[in-house]
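Undergrad: Chains as they are written, first to last, in our numbering: chain A, 354 to 578; chain B, 3 to 478.
Hints are not guaranteed to be accurate.
List time: in silico BS3-like cross-link candidates among lysine-lysine, alpha-carbon distance up to 27 angstroms [what the hints assert, rightly or not]:
| no. | chain 1 | residue 1 | chain 2 | residue 2 |
| --- | --- | --- | --- | --- |
| 1 | B | 50 | A | 408 |
| 2 | A | 429 | B | 196 |
| 3 | A | 429 | B | 80 |
| 4 | B | 80 | A | 408 |
| 5 | B | 108 | A | 543 |
| 6 | A | 453 | B | 133 |
No lab work stands behind these hints: they were computed from the structure.
Residues per chain are reported as follows:
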Amino acid sequence: MITVNLIPKEILRKERTPAGQFAAILLGVLAVVGSIAAWGYMEFGRLAEVESELKKVTAELDVERPFQLHADRLLKEKLEYARRTETIQGIGAARVLWSKKLDQMWDVIQNNGDSDRHLVWLTTLGARSPGKGSGKTLSDGLVNIAGYSATDQSKRLSNFHRDLMESPFFEGFSEINDPEGSVTYFKDDKEPKAAWRFSFQMRMKPPAPPRRVAGAKRPVPKKAP
Amino acid sequence: MVNLGENRVLLMGIGAAVLLTAGALFLTFRSYQKAEEGKRAIANVRQKISEAREKRRKIPALEKDVIILRSNVEEYVKILPEDKHIHNFINTINRFEQESGITMTKLDAPGKRSTGAKSSVAFDRIVYKLKIAGSLKSMLGFINKFENYERFVAIEDFQFRPERQTEDDQKEVLLAGSLELETYVYNGAGGDTKPVEIRDIEQKREALREQIIAQRNAVEIHRYRLDPVLVEARRDLFRDPRQTLAAATKGGLPTAERLEKQKRFVAWTKAELQEIQEMIAAEDGEPLIIRQMELKKQIDERVGNLNGQLVAARNERQITAAPLLQEIERDVIAPLERIIKERRIAVRTGLLAEDLQIILGKMEHFFQKGDLAQVVSQFDMVASQIGSADTEDAEVRRLVQEIYALKNQAMVITEFSLRPIRIHGIIAQKGGPVAIINGRVFEQGQMLDGEVKIHDIRPEEIEFVYREVRIVRRWE
């Protein structure tokens, strides 16, 4: 059966929105509004607050920055001057007083004028100071003496060798070669007519590096080009 | 059909709502993420602020350390020459050469180096290489002068070997040698660090004065003084000490017995001094004035006699063993001089005419050899005694005057040799010879400068007059 409703639309009572539809619309509206509200809160509330706080702390940091820079520069200068102090300590400590060494060696050879124990004179004398610095491979210092020990008695040469080693002169040296040489006979009219010709080499260790000054910066080794 | 349209609208509406919601949620999530990042950034900045404040708190201590270190380094490096002073170093080498009596035959100075703020290092190492000649004593004296110099100089390397025996082969062997001198120049503005500006630094430095001094003793520069008495008394190490039989027994005594004789003499002087000291103690406790006067007379006589013996022994170099010399200086001569001073004893400390003749002879000998440094050195050894010589005696007076004149002459000639005078040529011409000196032409009688006069121009030499001393310089 076909139903035709001839009642004019104006009079026709409107039908209610179905409940489900209404609920869906309501939910939809709530969801949209809610999410927009959440976004608004997050964007203009929380985020703005955070950004404001960030600006504030950044401004505080900018105020501290010059002091931080000053402190960094002071620290750098402190390290540099501590290093300079170490360097000049090293320069002073590494110096060998060769006039003192020669004076002491002269005392040994002179031997208070007593020529019975040994009578020595030199033909060459040379020395080289030990290396300086803080590197691992520093060269040893060296003293070379060559000359004659009068008479053909090797005992006198040995006496001289021992006196040299036991004297204040030998302080700072680590080794000396053993007494050895050959007998030379002179053709002049002086006495004694024979002498042992000898050559001694003495090694001197480099000095210990100076005590580190607190805060000294270790020098950066230069790289080879 | 109507329902179909409404459903479509509804669906579209739902779809739009979903999209809007999704979009809003997405933006919300983005904002949330940004907020979280912002919080992390805030935490990071707060950490940096905390570190910066920690560093700021350390600034006073750092400034204090820097002021102390800077002040002390400035003090330490006074032993090093500044860049502008390094040129004077050559003059110093020359001065030491003159004073010690060595001859410098070659000097290699360091090559070009960066200076001042251009230098990338705070300490520039400089090495001078020298070739020198002289006796071992003079070489030792030369080295010692550098090691006692107010500026830091180290002897890095030296080699000595005999060149030839001197003409008087009882004395010293002439050595040829090479020497390396090392020093450092401090470039305060060099290195990696420029000085930081510290406010009110002078007030702060003043407030830290005690701490600066307390921390200053870190650098020690050791020096060494040679004992001139010992140096002079010792034999030359390069001279063959062997002697002919006749020389070994010269004076009737071999070497060992001479040593014994010296020991006996020292023992006698010590015993004599002790007796004198006992007599002085007895004099102090003597109640009778007459006895006091007798004792005083005896003491004065014995003091005079002992002093005379010591002067004679010194002049004739009777004591040659170094320890005996030290012993006699320390145990006899020094106490005796105190006694003489305290008692105001008029002893004859001045030299006799014979002594002065010997001294003059030695000075003339060195002067003839051209060893002017030795002429002055001989004078210096006896200068104080010459000053107290008895010039009432005409002969003594004459000798003293000659000695002073010779010393002054040596010094003037030495000064003259340091003046930059270069003879380029000598031209003989009608109107009289002329000389080309330092690029200029001079005639006889003209003044070279305010102090040097050209006295005579000869074909191969020129005679100058400088401070009343005539000095001949050959044209080479």
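Undergrad: Hints first: check each against the structure and report whether it holds.
TA: Against the structure, the hints:
| no. | hint | verdict |
| --- | --- | --- |
| 1 | B/50 <-> A/408 | holds (14 angstroms) |
| 2 | A/429 <-> B/196 | holds (10 angstroms) |
| 3 | A/429 <-> B/80 | holds (23 angstroms) |
| 4 | B/80 <-> A/408 | violated (52 angstroms) |
| 5 | B/108 <-> A/543 | violated (37 angstroms) |
| 6 | A/453 <-> B/133 | holds (21 angstroms) |
The structure is inconsistent with the numbered hints 4 and 5, although it conforms to all the rest.
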